[in-house]
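In terms of UniProt numbering, the sequence shown opens at residue 1 and continues consecutively.
Worth flagging that the hints you see were computed from the coordinates, not collected in a lab.
Do not take every clue at face value.
As the list claims (entries may be wrong) - Quick list of in silico lysine to aspartate or glutamate cross-link-like pairs, EDC-like style, CA-CA up to 20 angstroms:
| id | residue 1 | residue 2 |
| --- | --- | --- |
| 1 | 202 | 28 |
| 2 | 63 | 41 |
| 3 | 179 | 159 |
| 4 | 5 | 28 |
| 5 | 203 | 165 |
| 6 | 38 | 74 |
| 7 | 85 | 69 |
| 8 | 273 | 199 |
| 9 | 84 | 28 |
| 10 | 53 | 206 |
| 11 | 269 | 199 |
| 12 | 178 | 199 |
| 13 | 178 | 217 |
| 14 | 85 | 74 |
| 15 | 179 | 191 |
| 16 | 164 | 153 |
| 17 | 263 | 252 |
| 18 | 269 | 153 |
Stated by the list, open to error - Listed next, with one range per pair, are the computed distances between beta-carbon atoms:
| id | residue 1 | residue 2 | range |
| --- | --- | --- | --- |
| 19 | 276 | 140 | 31 to 37 angstroms |
| 20 | 122 | 142 | 43 to 49 angstroms |
| 21 | 84 | 207 | 44 to 50 angstroms |
| 22 | 49 | 114 | 27 to 33 angstroms |
| 23 | 179 | 122 | 33 to 39 angstroms |
| 24 | 105 | 41 | 18 to 24 angstroms |
Since this is a predicted model, take the numbers as computed values, not measurements.
Built from N, CA and C at the ideal position, the CB exists for glycine as well.
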Amino acid sequence: MQSQKSFAKNQASGTLYLVPTPIGNLGDMTYRAVEILKEVDVIASEDTRNTQKLLNHFEIETKQISFHEYNTHERVPELVERLKKGETIAQVSDAGMPSISDPGHDLVVACIEQDITVVPLPGANAALTALIASGLVPQPFYFFGFLNRKPVDQKRQLEKLANKEETLIFYEAPHRLKKTLTNMAGILGTDRSAVLCRELTKKFEEFLRGTLAELLEWASNNEIRGEFVVIVEGNSHAVVAGEELPEIPVEDQITNLISAGEKPTVAIKKVAKLRGLKKQDVYATYHHLNNDNSKNS
1 MQSQKSFAKN
11 QASGTLYLVP
21 TPIGNLGDMT
31 YRAVEILKEV
41 DVIASEDTRN
51 TQKLLNHFEI
61 ETKQISFHEY
71 NTHERVPELV
81 ERLKKGETIA
91 QVSDAGMPSI
101 SDPGHDLVVA
111 CIEQDITVVP
121 LPGANAALTA
131 LIASGLVPQP
141 FYFFGFLNRK
151 PVDQKRQLEK
161 LANKEETLIF
171 YEAPHRLKKT
181 LTNMAGILGT
191 DRSAVLCREL
201 TKKFEEFLRG
211 TLAELLEWAS
221 NNEIRGEFVV
231 IVEGNSHAVV
241 AGEELPEIPV
251 EDQITNLISA
261 GEKPTVAIKK
271 VAKLRGLKKQ
281 DVYATYHHLN
291 NDNSKNS
């Protein structure tokens, strides 16, 4: 067991502050966050160029050090050593809460192992900001973040989530949104209620509420811009604990995609790719065709 008293005096080492930054609107920066960033010895930033704009706006002159997914192994030991020597460090991501979609978690774990104080600051968070305005059940919720970019791996992830009763929260980039919605409609079902939350806290903030089929149709007919939080309602017909969750039949998955606006040939091709099957086999299953072997048996 380990006990941390965050603000105890005469601590042997420095303190790591986890400082959230605005997700779009600079007015969401807290007084405390600005104060901490001014007082610490160094700021560990996911993107120093991006963070510098924030520092300039609030007249913060603290030096930065880069800390991102590509230099984690090098930086974590370095930052821990600096903390052990008594320095104070603030870790920030490009936007929102640090340690969620950046390597901050690795640094937090390393600090805890070395009994270094870790102090989190509250602040802007895209997932919760989107959730409370979505209109979907706010609790319980399941935060997933970014789905895998590879179609097959994304399909497996969604199949594991298909039976969850909690409201699901995802992050997605604009150029991947349509493909992700296609997979969601095909696996979770076209009639699931969902909300696309775009450009949160910014001038063009927008909430698109509807079924996955309707949102996929929107994504297919509009220019997609901005970062998205995707909120999907939980499964109201979830399988009882202990029961095996059956995989959605091929025919139903194709029908879901067609209902969402895909052409039959395109839907068959996508389902075949998602399931790792031959397109002709999926075609035969959907059209209830028997192969030559079955005819001769």
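Hint by hint, which ones does this structure get wrong, listed from lowest number up? 4, 5, 6, 7, 8, 9, 10, 11 and 20
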